[in-house]
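Using the hints provided, position chains Z and R relative to the given structure of chain D.
If you want the building blocks of each chain, they are given just below.
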Amino acid sequence: MSWIQSINFLEIIDFVGTFAFAISGIRLASAKRFDWFGAYVVGAATAIGGGTLRDLMLNQPVFWMENGTYLLCTGLALLWVIIFRKNLVHMHNTFFVFDAIGLALFTVVGIQKTIDCGMPIWVGIIMGTMTGAAGGVIRDVLINEEPLIFRKEIYAMACVVGGIAFAVCHWLGFATFPTHLICGAVVFLTRTLAVKYQICLPTLRPEDDDENGKISKES
Amino acid sequence: MSWIQSINFLEIIDFVGTFAFAISGIRLASAKRFDWFGAYVVGAATAIGGGTLRDLMLNQPVFWMENGTYLLCTGLALLWVIIFRKNLVHMHNTFFVFDAIGLALFTVVGIQKTIDCGMPIWVGIIMGTMTGAAGGVIRDVLINEEPLIFRKEIYAMACVVGGIAFAVCHWLGFATFPTHLICGAVVFLTRTLAVKYQICLPTLRPEDDDENGKISKES
Amino acid sequence: MSWIQSINFLEIIDFVGTFAFAISGIRLASAKRFDWFGAYVVGAATAIGGGTLRDLMLNQPVFWMENGTYLLCTGLALLWVIIFRKNLVHMHNTFFVFDAIGLALFTVVGIQKTIDCGMPIWVGIIMGTMTGAAGGVIRDVLINEEPLIFRKEIYAMACVVGGIAFAVCHWLGFATFPTHLICGAVVFLTRTLAVKYQICLPTLRPEDDDENGKISKES
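Chains as they are written, first to last, in the numbering used here: chain D, 652 to 870; chain Z, 652 to 870; chain R, 652 to 870.
Okay, chain D solo, but in the shape it has when bound:
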């Protein structure tokens, strides 16, 4: 990923996304009254957990061990929450945009890294989705809650849709840069439009729940 290291703009987006992901973990940890260490671990797991899982499955060196920025960034996020605790609720929209930007970048990075390992594109879509969304699942497992992204509005599906856009560009023979741009834009737009218009995936109803919402004991 030498193109990332050479373009400062992408480093900034990477930092912003990591920061937003870590903030989301630390805020949920604070709602559970975890101490600073616990909050840091949950923040780090949210920010780098997805990429770590990806690197383990691809048998690649774990990315955050080669660059201390990610863990420093998580430390800054912890400081931020400690200092601006009372005002975080007013930064809600900013964090939402940062989070969506991070989701888009992490998806692109995950897909490209997977393809660079010689994997087919469908594995890339899965790994891109994992890079973007698995950190949030690990976060919810650590704070002992049902994973939010399995129940709430479109989040991981935005990565899947962006991944399909990546695959289409790939098949059409687009160059790397426009492919990345289109994939990231699709993830970002899918995510923000889904939240704006409250678009959700259908929910699976329990088996003893009939059509009109009445619970019948049949099991």
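Don't read these hints as lab results, they were simulated from the structure. It is possible that part of the hints are untrue.
Since the list gives no way to pick one copy over another, a pair counts as held whenever it fits inside one copy or between any two copies.
[Stated by the list, open to error] 25 Å max Cα-Cα, derived SDA-like pairs, lysine to any residue: (1) LYS683 with ILE794; (2) LYS847 with LEU707; (3) LYS803 with PHE714; (4) LYS683 with ILE850; (5) LYS683 with ILE815; (6) LYS683 with LEU799; (7) LYS737 with ASN710; (8) LYS737 with LEU727; (9) LYS803 with LEU707; (10) LYS683 with ARG856; (11) LYS737 with ARG856; (12) LYS803 with ILE733; (13) LYS683 with PRO853; (14) LYS847 with GLU797; (15) LYS847 with LEU832; (16) LYS737 with HIS821.
Below, chains Z and R alone, put in the same frame as chain D:
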């Protein structure tokens, strides 16, 4: 495992087991009202989680990345639950048999793959058990429940018993095919007999629970 | 780590630490009325989970596959809990000391193994902390509780403090043996003093919780 790829019968069993495992995850996810994406992820984690953990620990390529069948099969299981939701309860016995067949096959595959990596047979027994039973643990962690197989009737222990049968055949110098057949049959029979006669492992009592069930506050 | 294999004293400490970690997992599993298999798995995850995660991330062979002692030791811990269930509460102080010794040794082993892989020392501190403390997090995830070490007195932070001591010795050019001794002693002392004087890390307050503990609905 070229013998698996060449024998269609085994591919069918593999598919049936994956399908039954995925169904079990998707049904539990639906009881928690997860959306389709969440149900798919829980189903996939149940079906391929154990084998993924095994491949990571053995430092082997993750099996489902090399063959798209497993994720397709999970998708079919999701469709099945969406379409036949009301009737699933009547397919209970069929799913139980499919699940036990899957447990047997996954154990055999896990042990053989571990031995092929040059590991001793006792590691093989652990990896075979992990291939068969760890997916169910990951499933229960994702839906935020205490793992069922740590409390209910014999499940993972059937893999251990089958693994010991594998080791005995191995030491006696049996060929690969009868060894696999005996191991699988022992897993299947142990599992089905345990459920039929409600055989459970002993439970550890809490430390403040005395012999006759009376709770004494000593701690 | 040939120095470990050649010095019996360290093997004894390793065994004692593994035993104490496994006991802690098995006791919590028994409070949840898990069966013997479930208790064994939770005990093993507590004792070897941290080191397993470390070895996966460092892309090293998983340590307990190369030496059956760790799983045997977990089996002995299960037997111990089954036999001495009623008296475990009286062994509280002994187990606490064993656990702190294990924490110290696991931290040292984790840091040294990471450095031997050519990683920088800050990765070593993280991996040492993971070796010592991640097993307890996996344990709490498996029994479906919020991780204790994210809320309670200094535990994982003792590994971090010991790791910083290791780094200082390393930078000062100390030999391996005194570096290990100082690191282990710092972990052990930090842990025991923190418990004796009930030293905790600050807790993050929820965002809707104002200074004097009154809950105001602002979110």
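Taking the hints in turn, this is what the structure says about them:
1. LYS683 with ILE794: both (7 Å within a copy, 18 Å between copies)
2. LYS847 with LEU707: Neither way: LYS847 and LEU707 sit 35 Å apart in one copy and 40 Å across, limit 25 Å.
3. LYS803 with PHE714: Classified as neither; 29 Å inside a copy, 30 Å across copies.
4. LYS683 with ILE850: between (29 Å within a copy, 20 Å between copies)
5. LYS683 with ILE815: neither (37 Å within a copy, 29 Å between copies)
6. LYS683 with LEU799: both (15 Å within a copy, 12 Å between copies)
7. LYS737 with ASN710: neither (42 Å within a copy, 42 Å between copies)
8. LYS737 with LEU727: within (17 Å within a copy, 48 Å between copies)
9. LYS803 with LEU707: So LYS803 and LEU707 fail the 25 Å test inside a copy (28 Å) and across (30 Å) alike.
10. LYS683 with ARG856: between (29 Å within a copy, 8 Å between copies)
11. LYS737 with ARG856: between (38 Å within a copy, 10 Å between copies)
12. LYS803 with ILE733: between (27 Å within a copy, 19 Å between copies)
13. LYS683 with PRO853: between (30 Å within a copy, 13 Å between copies)
14. LYS847 with GLU797: within (24 Å within a copy, 33 Å between copies)
15. LYS847 with LEU832: within (22 Å within a copy, 56 Å between copies)
16. LYS737 with HIS821: Close neither inside one copy (46 Å) nor across copies (41 Å); limit 25 Å.
Consistency with the previously given hints fails for numbers 2, 3, 5, 7, 9, 16, ordered from lowest to highest.
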